[in-house]
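K.L.:
Same order as they appear, the protein sequences are chains A and B.
Going by the working numbering, the first residue of the first sequence is number 420, and it counts up by one from there.
Going by the working numbering, the first residue of the second sequence is number 60, and it counts up by one from there.
No lab work stands behind these hints, which were simulated from the structure alone.
Be aware that a few hints might be false.
Said to hold, decoys possible - Computed list of chain B residues with no C-beta within reach of chain A, every gap over 12 angstroms:
# : residue
1 : K102
2 : D129
3 : L184
4 : P186
5 : E230
6 : R233
7 : T257
8 : M261
Claimed, not checked - Only some residues are given here: those of chain A computed to face chain B with a beta carbon under 10 angstroms:
#  : residue
9  : V425
10 : A429
11 : L462
12 : E466
13 : Q469
We put the beta carbon where it would ideally sit given N, CA and C, even for glycine.
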Amino acid sequence: MAEETVSEDAVFEKIADAIAEIGPEREDVKKEATLESLDVDSLDLVEVGQVIEEEFGVEIKGEDVEKLKTVGDVVDLVVKRAS
Amino acid sequence: MEREGCALVTGASRGIGAASAAALADAGWPVAVNYRSDEDGAKEIAERIDSNGGSAVAVQGDVSDPSAADPLFEEVEERFGTVLVLVNNAGTTGDGLTVQFDDEDWQRLLDTNLSGAFRMTRRALRPMMKARFGRVINMASIVGQKANPGQAGYAASKAGLVGFTKTVASEVARRGVTVNAIAPGLIATELTEDVPDTLLKMVPAQRPGTPEDVAACVRFLASEGASYVTGTILTVDGGMTA
């Protein structure tokens with residue numbers, strides 16, 4: 420899967436679904452929303468990271484977590500690494 | 060037990076590990092009986108569980124090897140599904156006064172008793188969190204909390220396990236995963252064969268514990284009923300440290 424070009428929208432949809440599983444309403448999960456405002460903490464990101472790894476073959480490491488402030492940051496990271 | 064998954068007990072070819080594997084099988088869990096070198100022992104334990112109506116498989120893996128966790132878990136997952144109960148029991152001893160203790164023995168104790176438990180736990184947690192259920196049970200020792208001259212390395216590894224247990228418990232509690240430790244006292248196993256009678260006199264219960272005494276606690280901590288018990292150290296020592 421990692422060899423194919425992944426579209427940003429597809430990545431966003433998957434990540435938004437994964438985040439919504441954890442608690443926040445799906446409609447509140449927008450690219451500009453901060454993880455803090457959605458109550459997504461570092462442990463939640465581990466779970467989202469699991470989905471990302473399964474879907475896109477991209478690993479989110481511990482050192483990445485502090486740089487990720489918004490949902491869009493997570494999407495960008497995955498798109499960048501997957502391509 | 061109605062959950063889809065299994066239990067993995069490290070160092071389960073004999074002693075406390077073997078008794079724990081049997082107790083978890085009795086509670087309804089399919090059980091992976093891990094061993095490092097005693098293949099015959101582990102297979103015998105697995106067969107005994109099978110013949111008692113349970114389901115078990117012997118799986119090789121040296122927890123002190125940094126690359127052991129992945130293949131070990133994959134083998135178990137393939138056979139029985141997600142590991143929902145992990146008993147970090149594999150352990151080793153090494154006695155000697157600190158002034159005479161060498162680096163090699165020190166490292167060996169930490170690699171097996173502490174780092175092994177860390178790596179196994181790290182591998183186990185993600186699937187447990189996903190399942191919103193998990194039980195990690197670390198085999199510590201009363202020596203991790205109370206001095207026993209000649210066991211500084213062993214004590215350090217077990218005290219480390221206690222600190223590890225509490226911290227991991229606080230990290231994953233809200234995912235339905237509990238992390239606890241058991242601190243056995245004087246238990247009659249091969250590891251404690253040479254224990255002098257003078258030590259036994261310090262046990263109010265006036266007998267050494269049995270692997271089954273410890274296994275009963277493993278069974279409890281793995282149960283649904285123990286879901287609000289996490290980050291705790293359950294001492295099983297016949298009152299020795301009371």
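K.L.:
Minimum C-beta separation from T257 (chain B) to chain A exceeding 12 angstroms: can you confirm that?
P.N.:
Consistent with the label, T257 (chain B) stays out of reach of chain A, its closest Cβ about 48 angstroms off (over 12 angstroms).
K.L.:
Report holds if the minimum CB distance from M261 (chain B) to chain A is greater than 12 angstroms, and violated otherwise.
P.N.:
holds, 42 angstroms
K.L.:
Holds or violated: Q469 (chain A) as interface residue toward chain B, Cβ cutoff 10 angstroms?
P.N.:
holds, 6 angstroms
K.L.:
A cut-off of 12 angstroms on Cβ-Cβ distance, and D129 (chain B) was said to be off the interface with chain A. Does that hold?
P.N.:
Given a closest Cβ separation of 14 angstroms, the condition holds.
K.L.:
Should the interface hint for E466 (chain A) be scored as holding, given a Cβ-Cβ cut-off of 10 angstroms against chain B?
P.N.:
At 6 angstroms from the nearest chain B Cβ, E466 (chain A) passes the 10 angstroms test, so the hint holds.
K.L.:
Checking hints one by one. Is V425 (chain A) an interface residue toward chain B, by the C-beta closer than 10 angstroms rule?
P.N.:
With Cβ-Cβ at 22 angstroms, over 10 angstroms, it is violated.
K.L.:
Once the closest CB in chain A is found, is it more than 12 angstroms from K102 (chain B)?
P.N.:
holds, 34 angstroms
K.L.:
Would E230 (chain B) pass as off the interface with chain A, using Cβ distances and a cut of 12 angstroms?
P.N.:
Non-interface label on E230 (chain B) violated, nearest chain A Cβ at 6 angstroms vs cutoff 12 angstroms.
K.L.:
With 12 angstroms as the threshold, tell me whether L184 (chain B) passes as away from chain A on beta-carbon distances.
P.N.:
L184 (chain B) is in fact no farther than 12 angstroms from some Cβ atom of chain A, at 8 angstroms.
K.L.:
In terms of Cβ atoms, is chain A entirely out of 12 angstroms range of P186 (chain B)?
P.N.:
Check fails; 9 angstroms does not lie beyond 12 angstroms.
K.L.:
Non-interface claim for R233 (chain B): all C-beta distances to chain A beyond 12 angstroms?
P.N.:
Per Cβ check, R233 (chain B) is inside 12 angstroms of chain A; nearest 8 angstroms; violated.
K.L.:
Against chain B, is L462 (chain A) within 10 angstroms by beta-carbon distance?
P.N.:
Constraint on L462 (chain A) satisfied, holds at 6 angstroms.
The structure shown violates the earlier hints numbered 3, 4, 5, 6, 9 and 10.
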